Amino acid sequence: MSTERMAPVGPVVSIQDLSVTFATDAGRVVAVQDVSLEVRAGEVLAIVGESGSGKTVTARSILGLLPETATTRGAVLLTRKDGSSSHDVVTLGRSDLGDVRGRDAAMVFQEPSTALNPVYKVGWQIVEGLRAHGGYSRAEARAKAVDVLRRVGIPEPEKRIDHYPHQFSGGQKQRIVIAQALVLDPGVIIADEPTTALDVTVQAEILDLLRRCRDEFGTAIVLITHNMGVVADLADRVAVMYQGQLVEQADVRTLFSAPREEYTRQLLGSVPRLGQGLARTQERAAARPAGWASATPVVEARDLRIVYPGRLRKPDFTAVDGVSFAIRPGEVLGLVGESGSGKTTIGRAIAGLTKVTGGSLSVLGTEMNGVKEKRFRPVRERVGFVFQDPASSFNPLLTIAQAVAEPLVVHGRAKDAHEARGRVDELLEAVQLPRSFGDRFPHELSGGQRQRASLARALALGPELLIADEPTSALDVSVQARVLELFDELQRELGFACLFISHDLAVVDLLADRIAVLYRGQLVEEGTGAQVLGAPQHPYTQRLLASLPVPDPDEQAARRATWRQLT
Amino acid sequence: MATTATPTPTPARRRRGLPVVRQLRQAVGLQRGMLVAGLVLTGVFLLTAALADLLAPYGYNQLRDADGPFGAQQSPSGDHWLGTTVGGYDVLSRVIYGTRTALAVIVVAIVLSLFLGVLLGLLSGYFGGWLDRVLVVVCDAVYAFPTLLLAIVMAIVISGGQSSLWGGILAAAISITVIYIPQYFRVIRAETVRIKAEAYVESAKVIGASHWRIMTRHVLRNATRTLPLILTLNASEAILTLAGLGFLGFGIEPTAAAEWGFDLNRALSDVTSGIWWTSIFPGIAIVWVVLGLTLVGESLNDLADPRLRSRRAADAGETGEVTVVPGGPLGAGPAGLAGIEGAS
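Chains A and E, in that order, are what the protein sequence lines are.
If you use this note's numbering, the first sequence corresponds to residues 1 to 567, in order.
If you use this note's numbering, the second sequence corresponds to residues 1 to 344, in order.
Treat the hints as calculated values from the structure; they're not laboratory data.
Since we're looking at a predicted model, the values are computed, not measured.
Among the clues, some could well be false.
[Stated by the list, open to error] Taking lysine-lysine and the PhoX-like style, the derived pairs with C-alpha atoms no more than 20 Å apart in a straight line are:
#  : chain 1 : residue 1 : chain 2 : residue 2
1  : A       : K159      : A       : K144
2  : A       : K372      : A       : K415
3  : A       : K415      : E       : K196
4  : A       : K144      : A       : K121
5  : A       : K374      : A       : K355
6  : A       : K374      : E       : K205
7  : A       : K159      : E       : K205
8  : A       : K372      : E       : K205
9  : A       : K372      : A       : K355
10 : E       : K196      : A       : K355
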């Protein structure tokens, strides 16, 4: 769709034999090794790979944005959009780099809320770039800033240019960051995970905007992402990186339809797709014993309301508003929603970490509304919890074995971590970790391994209910696939009921028997995967589903059309 | 997304070593120089305190030997290397014995303020609520006082301004303690409040661990990272406070112990009459210890922060390599070496 449009001009960025080495406490670490890449004008090049593959380092080297500990070899040739000048960024001095940044290449960061300075008006922050490169009067610069804000889709830019960052939503902030990058009309924009911090529905809008950047401004984009759906949606060409090296480089269609390298095939294979879980769910539903539907639910919420008290005369914030649902024994309920929808709050309320303010929530027969910690403590034995970020959910000073033994010790099943070691080894084996890992410290494990250990800890007491709060969203796709598989296996084997919280519809579809969709604290739709994903009733569910990019360029183009109709 | 590749997980778990030794291994360049200098200065101080009896030619309160009295304000000579004071004491001996007093005050002051400050900070940060509010206000109030004034008040309260050896040491130490408790309190409280929100504390809560278990096993052990740093910096400040107390006349009597601040006070009138040795040497001793401890503290601070820590350059040999043609690659390609050679 884009190949015809591209004019046959020279590359804006040409990376040749780039190697980057970092000096660390553990000696030198090679982050990027002999990478050669080209970005042509008006083209979107996606660099994909797992974390640590060197994709961010490669892209940042285009702007000379590497920390002082980095040693760079090779050449990064950056050509101005009109072809008037060209520099090797690697050899440029500090002041020359300042001249090149912004004008020849600009950057869009992952987290829009931290990329903007909260104490300056957004207009000032856009004009700052113009002023740094000189040649604009105050009025001209302002007019240009208003213009660029309008073009990135900020309504009423004349007025909103004088607003502060906190007065914009997350998606709008990312638009402003993009406007900041576009204002000097650079030849190439480096977008480092530009949509990772955003909700799916907002992500679709930002991707649409980036596509317009390419079409209307003629800007080339280097898109760094781990999301294959985003790649399929936006990219023209894809470069796959693995352990600092370029594995494969191909046209987006070729890459998705006929990946050449084994690694690329694995990467694509581990991306969860909608509809995969259907067969599994039906199989499980068939295997349920009679009378299962009338069994006492493990968790039952009726008109559940959770309100966070407002501070300093601000109104209270209602996180969960009149939600009713039930989880029966051995059932997996998937809870989906965007950030701020209240899904995590519900999970925390079930675990007794957040107070219930209204309605009724019964967990394993204990009413949580107004419960005392003392009365709930015995119930905790029967509830497991898997946290979102495996890196922070382990005490860095305890070994994995000590951490997994902690619930056993606390509930008196073992005197100390040493005595519990036998059971801990069993648990580690159940989550497919070698026994010897018990003696390691959390920082010596990879993200996926830590999440397995986290699962082992949650299952240590043989819980009847497991709450998993976005257990895989901090993991790479390839690792996510393996963890989800393990999760599914363990659930079938041990038969615990589970509340699986996620923002990713495809992940929830893979595991859940039933899916509940939350929107602004309210439950808008609930049903089996086939019902909710196959024939969504509520407009929000429809929009959510249409916003989800699928890892297939052709199908995604069709979905994009549907999405446009819905918005 | 992290920009660095995952560093090769070396089996460095058990090789972390003692706090200061580890940092000494890690340090390079100027930071290493600072740390080594600080450690040497502090080491000399500690050794002198330990071996004072062997090193000092006379006792700290000795006024005469077999040949009769020393005489007051004698200039440095073979008998008295650093001369004698206005009271007739040997300056060198008093400087050497002064290290003992200083060390005792540092140790007592730090142990007391450490235990109380850490305990209060932990309770206050973990439970919050009214206890936290009251303690924070009290500590802020202590902060607002000039430290020396507070120390004087405490010295008077504790010992009525008069002092024997341990009475004087305790008075100085406790008054310093009162000043430093808020510092430990603040640091530990801030760390506790931060750690309380960490996922691993929540996970301990979900497991059903008791408050005490969470506080000791999960919070405290992770909150003590910055303590060695404050410890060394406070130790040097304690010396200054002690010297200040002595200088103002709230120190320890010369018959009870040697104390640099007191000697400085007595040397005040000597300065104008050209008698330099009575003030210079105790002064140097104070500067020596404060400098040593501060250097250790500051370099520990820099080394603890990965952003301030300097490292050996990644590859000293490879940084020099520049492309042949500006903007060209090193080897192959039309702009590289191969290209040029091929063209010529």
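How the hints compare with the structure:
A C-alpha spacing of about 14 Å is found between K159 (chain A) and K144 (chain A), which places the hinted pair at or below 20 Å, so the restraint holds. Restraint check: the Cα-Cα separation between K372 (chain A) and K415 (chain A) comes to about 27 Å, which exceeds 20 Å; the hinted pair is violated. Distance hint between K415 (chain A) and K196 (chain E) is unfulfilled; the C-alpha atoms sit about 26 Å from each other, more than 20 Å. Taken as a hint, the K144 (chain A) and K121 (chain A) pair is honoured in the structure, with Cα atoms around 15 Å apart against an allowance of 20 Å.
Taken as a hint, the K374 (chain A) and K355 (chain A) pair is honoured in the structure, with Cα atoms around 14 Å apart against an allowance of 20 Å. Under the criterion of a C-alpha separation no larger than 20 Å, the hint pairing K374 (chain A) with K205 (chain E) is consistent with the structure, at around 12 Å. Of the supplied pair hints, the one linking K159 (chain A) and K205 (chain E) is violated, its CA atoms being roughly 48 Å apart against a limit of 20 Å. Proximity of K372 (chain A) to K205 (chain E) is assessed by CA-CA distance (about 14 Å); at most 20 Å being required, the pair is judged to hold.
Simply put, K372 (chain A) and K355 (chain A) have alpha-carbon atoms about 10 Å apart, close enough for the 20 Å limit, and the pair holds. Between the alpha carbons of K196 (chain E) and K355 (chain A) the distance comes to roughly 17 Å, so the proposed pair stays at or under 20 Å and holds.
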